[in-house]
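A.B. asks: Since the structure of chain A is already known, use the hints to place chain B with the ligand on it.
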Amino acid sequence: MCLAIPAQITEILENNMAKARVGESDTYLTSSTMLLPEPPTVGQYVIVHAGFCLHTLSEEEAQESLKMFRDIAAVLETENQGCTVKPL
Amino acid sequence: MTARSNPLAAFSDPHLCAPLLQRLERALEGKELRFMEVCGTHTVAIFQSGLRSLLPACVTHLSGPGCPVCVTHDAEVATFLELAQQKNVIIATFGDLLRVPGPDGTSLKHAQAAGAHIEIVYSPLDSLRLAQANPQSLVVFLGIGFETTAPTVAATILTAQQQGIKNFCVLSFHKLVPPALQVLLQDVECNIDAFLLPGHVSTILGLEPYAFLAQQYHVPGVVAGFEPADILLALCLMAEQRREGKPAVVNAYRRAVADTGNARAREIMDAVFAPADALWRGLGCIEQSGLVIRPELADFDAMRRLDLHLPATTKVTGCRCGDVLKGRIMPNACPLFGKRCTPAQPVGPCMVSTEGSCAAYYKYNLE
Ligand code: SF4
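Chains A and B, in that order, are what the protein sequence lines are.
Per the working numbering, the first sequence starts with residue 1, numbered consecutively.
Per the working numbering, the second sequence starts with residue 1001, numbered consecutively.
The following block holds chain A by itself, in its conformation from the complex (with noise of 0.2 angstroms):
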């Protein structure tokens, strides 16, 4: 039951609710915006739990986390080529 899921907002609704689609699925959601900061806009990720949207992803955070996470990898990479005993 603690699960909550990212899904995409595809229609801004009355009453501060939105619809939103689970990933590339079919399955959409309508979920109250009640419990956001900002109302959220058509295209943003939010992450939905028990039919309320409790985030607006920040898509700005998911690439800088991603660019770090490949960066890693590179160092890593780079680090082995020196080395003479290479990891298994």
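Please note that a few of the clues may not be correct.
[Unchecked claim] Sample of chain B residues at the chain A side, in silico, Cβ under 8 angstroms:
1) K1109
2) A1113
3) H1200
[To be verified] Examples of chain A residues toward chain B, derived with CB under 8 angstroms:
4) A4
5) L36
6) P39
7) H49
8) A50
9) F52
10) E61
11) S65
12) A73
Calculated directly from the structure, the hints in this document are not laboratory data.
It should be emphasised that the depicted structure is a prediction, and the values quoted were computed from it without experimental measurement.
Glycine residues also receive a C-beta, built at the ideal position from the N, C-alpha and C atoms.
C.D. replies: Same frame as chain A, but now just chain B with the ligand:
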């Protein structure tokens, strides 16, 4: 609908994991790392992804009190069952609670079979629709869950108040994560090196409520997402903090968690609920670790409205959920595990919810 590609999908790329595993091995320096997660979604993510089998042998994964169903106390379940006996009451609940056995071994599922009106809802808001459709009945929503769920219930109560829906109230047994972490750290037998902090609870709380982990107990705490790469990164950070001797509470899930959390959700939660002592399965009574409905909203409080009381329970089943939730034993060390207690015939709540540690152990180790 925009044509933008999903920026989140890339996080599940398995290629991100190998370098993180290497970095983790180095940071561990061969020393044991006992980390505990306190979130049902982390439990499932760690088992389902197969990450457990990839982890270095010196890393021990403990699944703590992070599944709301699992920490629901016997006395609370008994109160649900008492409520189910009342006339003209419709119980609205998340499905997971249905099969949790109470002190006498019966569950809401049994009550339902015996004629109690129980409806499973996906959102607390659904209970308002139920109330509107059944004006002769009182709809009682069973409020369990942590800081992720409590704001949604609070918002539902405020909506009911605004819309003048009077035949609706909530039985609030919500619980707060940080006080439980404190209790675990005070228990010397628990022996936890670091906490993997719950992504969604932290979306609401931010980092500040966990600061005591590092300040008072010198234990690292890392807020993490749910992809294997997220969890591995968090483990690297824990091990590196330990190696440097600099434990800290940090956010490794920035795409979904702001360091300051969600202030609006907290305001709504605070407007409706006040902290109070609460009973936890396995952990007992923890000071200021629960949420009760404020007196000015007494009409929405099922305890007051229906004059319900938590009974004293003395249940002896042999279930060792308490020790499992504290990380003292692994689920398969419980003598009932896989024998008298299975997901089909659960003895304790940790075997009921798919997010429960016993259920996860059963599903991924035995099958
Ligand atoms: S296996 Fe069953 S009885 Fe044993 S601790 Fe887990 S839930 Fe309780």
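A.B. asks: Hints first: check each against the structure and report whether it holds.
C.D. replies: Quick rundown of the hints versus the structure:
{"no.": "1", "hint": "K1109", "verdict": "violated (16 angstroms)"}
{"no.": "2", "hint": "A1113", "verdict": "violated (22 angstroms)"}
{"no.": "3", "hint": "H1200", "verdict": "holds (4 angstroms)"}
{"no.": "4", "hint": "A4", "verdict": "holds (4 angstroms)"}
{"no.": "5", "hint": "L36", "verdict": "holds (7 angstroms)"}
{"no.": "6", "hint": "P39", "verdict": "violated (11 angstroms)"}
{"no.": "7", "hint": "H49", "verdict": "holds (6 angstroms)"}
{"no.": "8", "hint": "A50", "verdict": "holds (5 angstroms)"}
{"no.": "9", "hint": "F52", "verdict": "holds (4 angstroms)"}
{"no.": "10", "hint": "E61", "verdict": "holds (4 angstroms)"}
{"no.": "11", "hint": "S65", "verdict": "holds (6 angstroms)"}
{"no.": "12", "hint": "A73", "verdict": "holds (4 angstroms)"}
Violated hints, in rising order: 1, 2 and 6; the structure is consistent with all others.
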